[in-house]
Amino acid sequence: MLQGISSEAFVLGCSAIGAGLALIAGIGPGIGQGIAAGYGAQAVGRQPEAKGDIIQTMLLGQAVAETTGIYGLVIGIILLFVRPLMGAL
Amino acid sequence: MLQGISSEAFVLGCSAIGAGLALIAGIGPGIGQGIAAGYGAQAVGRQPEAKGDIIQTMLLGQAVAETTGIYGLVIGIILLFVRPLMGAL
Amino acid sequence: MLQGISSEAFVLGCSAIGAGLALIAGIGPGIGQGIAAGYGAQAVGRQPEAKGDIIQTMLLGQAVAETTGIYGLVIGIILLFVRPLMGAL
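Residue numbers (our numbering), protein chains in the order written: chain C, 1383 to 1471; chain Y, 1383 to 1471; chain Z, 1383 to 1471.
A portion of the hints provided could be inaccurate.
To be verified - Each computed SDA-like pair below joins lysine to any residue, with the alpha-carbon atoms no more than 25 Å apart:
(1) K1433(Y) to I1417(Z)
(2) K1433(Z) to G1434(Y)
(3) K1433(C) to Q1438(Z)
(4) K1433(Z) to I1409(Y)
(5) K1433(Z) to Y1421(Z)
(6) K1433(Z) to V1456(Y)
To be verified - Which stretches of chain C does chain Z cover? Using the computed rule of at least three CB atoms under 8 Å from a CB of chain Z, they are:
(7) 1399-1410
(8) 1440-1453
Honestly, the hints are just simulated from the structure, not real lab data.
This one's a predicted model, so the numbers in the text were calculated from it and none came from an experiment.
We put the beta carbon where it would ideally sit given N, CA and C, even for glycine.
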């Protein structure tokens, strides 16, 4: 009874849902980077003279934690703008 | 019984779901930044004289933790206002 | 009764959703690597002279934690670009 919906529309609609799902990956970096920020702030409170080294380590570790969030963003952008599945239709 | 739904409506409806899903990413920064705030407050309680350094480190780390939440927001806004999938229909 | 949607479109649409779901795996590495970054920053604050060894250990551990996020990314890319399911149709 979905006779009004074309194949293209079905793939595009599912791509919108897929893109949204991929962005959910961002939950992880958000939690992890916040934990790193907490430990970093605590460490600076204890050793303010090591602030530079602490922040540098925190930022380096947070950058690694960001990667999977970027994976999700990239797949989401691919689904919305590159649309590789449409070429296989 | 969904025979009244057009292809455009299907893509737009799925875009609404996709946008909502993308915003779920905000769970992460919310938790992570809250943890950072907790450790920051604790650290200031222990070393009030280091308050400036602690807050600076906390805010820097929280700013990094915000990024994936912004990714979700941007994809949600793109799905709702730019609607790139409609151009491929 | 989905006569407007071809079999190819159905598989491709579900592939988009599957790809999005696979990327959700990135939550784990994001959290875990952030925790590693937090402990790393804390350790550097306590022993700034051991910074090189601490960062090296942190990065090695984070690299291991990244693997499942890459699994999700690889399956997502396969679903979108290799599309092995279409060959079985």
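Going down the list of hints, with the structure as the test:
no.	hint	result
1	K1433(Y) to I1417(Z)	holds, 23 Å
2	K1433(Z) to G1434(Y)	holds, 24 Å
3	K1433(C) to Q1438(Z)	holds, 19 Å
4	K1433(Z) to I1409(Y)	violated, 32 Å
5	K1433(Z) to Y1421(Z)	holds, 12 Å
6	K1433(Z) to V1456(Y)	violated, 37 Å
7	1399-1410	holds (count 11)
8	1440-1453	holds (count 11)
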